[in-house]
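Chemist: Listed here are the chains, written in short residue letters.
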Amino acid sequence: MALASAPAPASTRSRLFRSTAFRLTLLYMGVFAVFATAALGYVAWNARRLIEAQIRQTIDAEITGLAEQFRQGGIRRLVLSIEQRARGPGASLYLLMTPFGERLAGNVEQVPPGLLDQGGENEIPFARSGEDYQGARPTIAIVRVYMLPAGFRLLVGRDASERDRMREVVRRAGGIALAVVLTLGILGGFVIARRILKRVDAMSATTLSIMESDLKSRLPVAGNGDELDRLAINLNTMLDRIAVLMGGLRQVSDNIAHDLKTPLTRLRNRADEALRPNAGPEDMRRALEGVTDDADNLIRVFNALLMIARLEAGQARETMAPFDASALASGVAELYEALAEEAGAELSCEIEAGVSLLGSRELIGQALSNMLDNALKYGQPADGSPARVTLSLHRSLDEVIFAVADRGIGIPQEQRAKAVERFGRLDASRSKPGFGLGLSLCNAVARIHGGRLELQDNAPGLKVFLAVPGGADRAG
Amino acid sequence: MILEAMRLLIIEDDSDSAAYLVKAFREEGHVADHAADGLNGYAMAEGGGYDVLVVDRMLPRMDGLSLIRSLREQNDTTPVLILSALGQVDDRVKGLRAGGDDYLPKPYAFSELLARVEVLSRRRAAAASAEPTLYRVADLELDRLARRVTRGAEEIALQPREFRLLEYLMRNAGQVVTRTMLLENVWDYHFDPQTNVIDVHISRLRSKIDKGQAMPLLQTVRGAGYALRAEQR
Numbered sequence: 142m143a144l145a146s147a148p149a150p151a152s153t154r155s156r157l158f159r160s161t162a163f164r165l166t167l168l169y170m171g172v173f174a175v176f177a178t179a180a181l182g183y184v185a186w187n188a189r190r191l192i193e194a195q196i197r198q199t200i201d202a203e204i205t206g207l208a209e210q211f212r213q214g215g216i217r218r219l220v221l222s223i224e225q226r227a228r229g230p231g232a233s234l235y236l237l238m239t240p241f242g243e244r245l246a247g248n249v250e251q252v253p254p255g256l257l258d259q260g261g262e263n264e265i266p267f268a269r270s271g272e273d274y275q276g277a278r279p280t281i282a283i284v285r286v287y288m289l290p291a292g293f294r295l296l297v298g299r300d301a302s303e304r305d306r307m308r309e310v311v312r313r314a315g316g317i318a319l320a321v322v323l324t325l326g327i328l329g330g331f332v333i334a335r336r337i338l339k340r341v342d343a344m345s346a347t348t349l350s351i352m353e354s355d356l357k358s359r360l361p362v363a364g365n366g367d368e369l370d371r372l373a374i375n376l377n378t379m380l381d382r383i384a385v386l387m388g389g390l391r392q393v394s395d396n397i398a399h400d401l402k403t404p405l406t407r408l409r410n411r412a413d414e415a416l417r418p419n420a421g422p423e424d425m426r427r428a429l430e431g432v433t434d435d436a437d438n439l440i441r442v443f444n445a446l447l448m449i450a451r452l453e454a455g456q457a458r459e460t461m462a463p464f465d466a467s468a469l470a471s472g473v474a475e476l477y478e479a480l481a482e483e484a485g486a487e488l489s490c491e492i493e494a495g496v497s498l499l500g501s502r503e504l505i506g507q508a509l510s511n512m513l514d515n516a517l518k519y520g521q522p523a524d525g526s527p528a529r530v531t532l533s534l535h536r537s538l539d540e541v542i543f544a545v546a547d548r549g550i551g552i553p554q555e556q557r558a559k560a561v562e563r564f565g566r567l568d569a570s571r572s573k574p575g576f577g578l579g580l581s582l583c584n585a586v587a588r589i590h591g592g593r594l595e596l597q598d599n600a601p602g603l604k605v606f607l608a609v610p611g612g613a614d615r616a617g
Numbered sequence: 020m021i022l023e024a025m026r027l028l029i030i031e032d033d034s035d036s037a038a039y040l041v042k043a044f045r046e047e048g049h050v051a052d053h054a055a056d057g058l059n060g061y062a063m064a065e066g067g068g069y070d071v072l073v074v075d076r077m078l079p080r081m082d083g084l085s086l087i088r089s090l091r092e093q094n095d096t097t098p099v100l101i102l103s104a105l106g107q108v109d110d111r112v113k114g115l116r117a118g119g120d121d122y123l124p125k126p127y128a129f130s131e132l133l134a135r136v137e138v139l140s141r142r143r144a145a146a147a148s149a150e151p152t153l154y155r156v157a158d159l160e161l162d163r164l165a166r167r168v169t170r171g172a173e174e175i176a177l178q179p180r181e182f183r184l185l186e187y188l189m190r191n192a193g194q195v196v197t198r199t200m201l202l203e204n205v206w207d208y209h210f211d212p213q214t215n216v217i218d219v220h221i222s223r224l225r226s227k228i229d230k231g232q233a234m235p236l237l238q239t240v241r242g243a244g245y246a247l248r249a250e251q252r
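Chains as they are written, first to last, in our numbering: chain A, 142 to 617; chain B, 20 to 252.
Where hints are given, some of them may not hold.
Some, not all, of what chain B presents toward chain A, calculated at C-beta under 10 Å [stated by the list, open to error]:
(1) Asp35
(2) Tyr39
(3) Ala43
(4) Pro124
(5) Tyr127
(6) Leu177
(7) Tyr208
(8) Asp211
(9) Thr214
(10) Val216
(11) Asp218
(12) Val219
(13) His220
(14) Arg223
If the Cβ cut is set under 8 Å, some of the chain A residues that face chain B in the computed set are [to be verified]:
(15) Thr460
(16) Gly506
(17) Ser510
Treat the hints as calculated values from the structure; they're not laboratory data.
Backbone N, C-alpha and C define an ideal beta-carbon position, used for all residues, glycine too.
With these hints in hand, go ahead and build the complete structure from the sequences.
Modeler: This is the structure we're talking about:
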């Protein structure tokens, strides 16, 4: 049982320890501890220096005073003065020795041997009169030995335990403060890590459910606008985009299945016709010719699909070169003029001369041809009068704009986006031949040139704009 | 006009389509050999004296474009038609830049391939002699310098594009030219205009040169394209 239940909390705990928030807390605490210790140490060191300086100042003042006493009243006055001072509360340490090493006055019983022979400052353990300086915890004093005339030696010192006490206080306070801060910090780190981990876990769980095909769910957003929120919002936007693309893809495959089934069925029926037992050679031939035509049409559709796919993948950019857009536009118009005339339609041109463009001549030509083809096919006015189609080319400040306008029934605003989709045939056009790839190919061509395809109301009719960057300022 | 038999080398790694091509070309009365990879193909092409090479772009051991480049470096000018499954605009440009003479994306109709190979082969034969300034098919004449077209005693007025269309058809008289070939060579467009716009241009031209004539010259070849020729098939 213990074995069975152990892994879960252990893994939760280890996950907590491994969490970025917790690690950051630890790191931060470590850095904080180092700097806090350093700061505290610096403060303590300065305090110690200050205390030592004060002690030294006091000793110097005492020595000056005592030396003055000696100068004024000789050794007797000095002894008196020392004995008087030594009795006061919190007295300094005094020791006066004869040149022969005899103790004359003072409150210090013993000093380390040889100390008095050398002048200057020292730090020594000491004992006041009646104490043994080599006791368990000798007191430390800062002392100074002053050579009086005639070989007398005066030692003045002060108890330095004040300084050591301060150090002790600082050390203890620092230790306690650090311990408290570190404990609280680590606890805080736990809490923060746990909170963040909870949100990240929620995000992971959502991601998992999305991966298990629930593309509709979205990451939780706390609403406080922090990094996790921004991440969640961005991921949600990405998911929305993916959902749209997936929807598009699904629709495309539905449409492919639906729209290709019809010609395939027709092709099959023609083959069946040829296989009928009573079919003569002439019937067979006709049927096979029909099969060939149908197959050619299918190949054409697949080529267009492939081309769109390749354009959307950003290929074919390398074939871009400057070309004469005006010549291309009038050439394509001329190509379609005969067709328009045959269909009883009217094709007119408004083409600005001398417009050159950096791009793929073939692709732009393909797009123009699709636009004209569409206009001639679907641009029949509602009243049955002959179709009137206009191809225009204009140069704006930064764009070259090809436009094909018809006076037909047009496409309602809300259906224009659909018209640009792959296989996005509007119901109104289903009765006419075609596969609904024309405008989406135009769109792909516009996109690969960094331009755009726009459908507008021509009141009545439809006006399709293909705008490609490269206007007057770039012409040349 | 009967074409002489061509000697063709098909360099294609897919054995099914290679076998189909070899058989189809032989049925048309041509001699067709097959190489299954780039290196073999190069070796055979170098000493083979072929009229046209049909080269797949993606080949094992040496890809199609390198093969063509190597041949061209050896000053071998045998016309090459490139077949490609990639079949898009940029590939065509790359193929022609490498030294190919024509380019056909898969899937293609055999009639299209045959027409193009025949034109390539003929063009090579014609390159030896200077391009004639006068084309003649039966009683139809086209004078390239005077830009004049006559049928019998009658002069025919043609638009510039119609003139170029007829010029191309007459240069390749007796041969089948496909719609794509016309679009490429007369209009210099390498895209698919969806509708058969070419048919309309052809029927206009036909009405000018064949109308009221006992012998129509501009013939439709079902499933392939058109041919300008005096005899019926």
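Chemist: Now tell me if each hint is right for this structure.
Modeler: Outcome of the hint check:
| no. | hint | result |
| --- | --- | --- |
| 1 | Asp35 | 17 Å, violated |
| 2 | Tyr39 | 15 Å, violated |
| 3 | Ala43 | 15 Å, violated |
| 4 | Pro124 | 7 Å, holds |
| 5 | Tyr127 | 9 Å, holds |
| 6 | Leu177 | 13 Å, violated |
| 7 | Tyr208 | 6 Å, holds |
| 8 | Asp211 | 6 Å, holds |
| 9 | Thr214 | 5 Å, holds |
| 10 | Val216 | 5 Å, holds |
| 11 | Asp218 | 9 Å, holds |
| 12 | Val219 | 4 Å, holds |
| 13 | His220 | 5 Å, holds |
| 14 | Arg223 | 6 Å, holds |
| 15 | Thr460 | 5 Å, holds |
| 16 | Gly506 | 5 Å, holds |
| 17 | Ser510 | 5 Å, holds |
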